[in-house]
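Take these sequences, add in the hints, and give me the full structure.
Taken in sequence, the protein lines are chains A and B. With this note's numbering applied, the first sequence corresponds to residues 33 to 147, in that order. With this note's numbering applied, the second sequence corresponds to residues 13 to 124, in that order.
No lab work stands behind these hints, which were simulated from the structure alone. In this text, a Cβ means the ideal position worked out from N, Cα and C, and glycines have one as well. It is possible that part of the hints are untrue.
[What the hints assert, rightly or not] Cβ-to-Cβ under 8 Å is the rule here; a few derived chain B residues that face chain A:
no., residue
1, Tyr44
2, Gly55
3, Ile60
4, Ser93
5, Thr113
6, Gly116
[Unchecked claim] No more than 35 Å apart at the CA atoms, straight line, and that leaves these computed lysine-lysine pairs for DSBU-like:
no., chain 1, residue 1, chain 2, residue 2
7, A, Lys89, B, Lys123
8, B, Lys81, B, Lys64
9, A, Lys43, B, Lys64
[Said to hold, decoys possible] Far from chain A, some chain B residues (derived; all Cβ distances over 10 Å):
no., residue
10, Tyr25
11, Asn37
12, Ser53
13, Gln54
14, Gln61
15, Val71
16, Asp79
17, Arg89
18, Asp94
19, Val97
20, Leu112
21, Val122
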Amino acid sequence: GAGVSQSPRYKVAKRGQDVALRCDPISGHVSLFWYQQALGQGPEFLTYFQNEAQLDKSGLPSDRFFAERPEGSVSTLKIQRTQQEDSAVYLCASSLGTGVRNEQFFGPGTRLTVL
Amino acid sequence: LAKTTQPISMDSYEGQEVNITCSHNNIATNDYITWYQQFPSQGPRFIIQGYKTKVTNEVASLFIPADRKSSTLSLPRVSLSDTAVYYCLVGDFYNAGNMLTFGGGTRLMVKP
Numbered sequence: 033g034a035g036v037s038q039s040p041r042y043k044v045a046k047r048g049q050d051v052a053l054r055c056d057p058i059s060g061h062v063s064l065f066w067y068q069q070a071l072g073q074g075p076e077f078l079t080y081f082q083n084e085a086q087l088d089k090s091g092l093p094s095d096r097f098f099a100e101r102p103e104g105s106v107s108t109l110k111i112q113r114t115q116q117e118d119s120a121v122y123l124c125a126s127s128l129g130t131g132v133r134n135e136q137f138f139g140p141g142t143r144l145t146v147l
Numbered sequence: 013l014a015k016t017t018q019p020i021s022m023d024s025y026e027g028q029e030v031n032i033t034c035s036h037n038n039i040a041t042n043d044y045i046t047w048y049q050q051f052p053s054q055g056p057r058f059i060i061q062g063y064k065t066k067v068t069n070e071v072a073s074l075f076i077p078a079d080r081k082s083s084t085l086s087l088p089r090v091s092l093s094d095t096a097v098y099y100c101l102v103g104d105f106y107n108a109g110n111m112l113t114f115g116g117g118t119r120l121m122v123k124p
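Now the structure itself:
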């Protein structure tokens with residue numbers, strides 16, 4: 033069955049470039065999460081959407097990070113003026129409902145390397 | 013959010029039972045305990061979730077003592093394919109937008 037997909041799987045950017053990472057959640061899933069995972073670390077929360085509403089963006093590390101989900105389905109994480117410290121795997125997850133009791137289904141991630 | 017502590021790494025052999033214990037001393041009344049598994053180059057995958065006592069599914073068992081200050085994930089008869097990182101998380105199910113808070117996880121290495 034179709035799971036969460038992310039594109040591109042790998043992205044190399046020069047420092048200062050803007051990047052856009054796409055997430056296609058499981059159809060019908062209300063909740064969508066973005067996480068950042070540095071090498072050897074656990075994922076860290078970035079932002080959360082309930083349908084098209086961004087309810088929590090407390091994890092976004094700076095104003096260079098921006099996420100949207102305009103129609104309550106596909107989401108895009110944009111990073112402006114990338115820095116080397118932005119190099120990480122960016123994971124997207126979706127869940128059918130809201131709250132921690134709802135299992136989150138993760139995509140394979142996008143590995144971003146900033147040179 | 014309740015902080016979790018788990019061993020950094022564990023080694024085991026094929027066919028053995030593996031128990032990974034997680035400490036969460038400041039767990040709140042509303043918190044559930046959830047375990048995720050992550051293989052290299054993949055996103056985490058839900059394994060099991062519980063509130064108290066024992067929960068079992070086709071993959072694992074989760075043991076939670078009465079004080080809920082710790083929990084133990086039990087993997088019966090592990091195989092090489094169980095080599096992965098295992099994360100213990102706690103979260104408030106009343107918080108509708110609750111994100112998952114991952115710690116460093118436990119790297120399980122299963123040897124032949």
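Hint-by-hint comparison with the structure:
1. Here the hint on B/Tyr44 is kept, as its CB sits about 6 Å from the closest CB of chain A, short of 8 Å.
2. For B/Gly55, the suggested interface contact is upheld, since its CB lies about 3 Å from the closest CB of chain A, less than 8 Å.
3. With its C-beta approaching chain A no nearer than about 10 Å, B/Ile60 sits outside the 8 Å limit, and its interface hint is violated.
4. Interface restraint check: B/Ser93 against chain A, minimum CB-CB distance 17 Å, threshold 8 Å, status violated.
5. Annotation: B/Thr113 was flagged as interfacial toward chain A, and the flag holds, the nearest CB pair being 7 Å apart, inside 8 Å.
6. Interface hint status for B/Gly116: upheld, as the beta-carbon distance to the closest one in chain A is roughly 6 Å, under 8 Å.
7. Simply put, A/Lys89 and B/Lys123 have alpha-carbon atoms about 41 Å apart, too far for the 35 Å limit, and the pair is violated.
8. The straight-line distance between the Cα atoms of B/Lys81 and B/Lys64 is roughly 10 Å, inside the 35 Å bound, and the hint therefore holds.
9. Proposed proximity of A/Lys43 and B/Lys64 is contradicted: the alpha carbons are some 43 Å apart, above 35 Å.
10. Here B/Tyr25 stays apart from chain A, with its beta-carbon at least about 25 Å from theirs, past the 10 Å limit.
11. In this structure B/Asn37 is separated from chain A by more than 10 Å, as the shortest Cβ-Cβ distance comes to about 19 Å.
12. Its beta-carbon lying about 7 Å from the closest one in chain A, B/Ser53 breaks the requirement of being farther than 10 Å from that chain.
13. Remark: the non-interface label on B/Gln54 conflicts with the geometry, its nearest Cβ contact in chain A lying 6 Å away (cut-off 10 Å).
14. The beta carbon of B/Gln61 sits about 7 Å from the closest Cβ of chain A, which is not more than 10 Å, so the claim that it is off the interface is violated.
15. In this structure B/Val71 is separated from chain A by more than 10 Å, as the shortest Cβ-Cβ distance comes to about 13 Å.
16. No Cβ of chain A comes within 10 Å of the Cβ of B/Asp79; the nearest lies about 20 Å off, and the non-interface call holds.
17. No Cβ of chain A comes within 10 Å of the Cβ of B/Arg89; the nearest lies about 24 Å off, and the non-interface call holds.
18. Residue placement check: B/Asp94 keeps its beta carbon more than 10 Å from all beta carbons of chain A (closest about 18 Å).
19. Here B/Val97 does not stay apart from chain A, with its beta-carbon only about 8 Å from theirs, under the 10 Å limit.
20. Not every CB of chain A is more than 10 Å from the CB of B/Leu112 (nearest about 6 Å), against its label as outside the interface.
21. B/Val122, annotated as away from the interface, keeps every beta carbon of chain A farther than 10 Å; the closest lies near 19 Å.
Of the numbered hints stated above, those contradicted by the structure are hints 3, 4, 7, 9, 12, 13, 14, 19 and 20, listed in ascending order.
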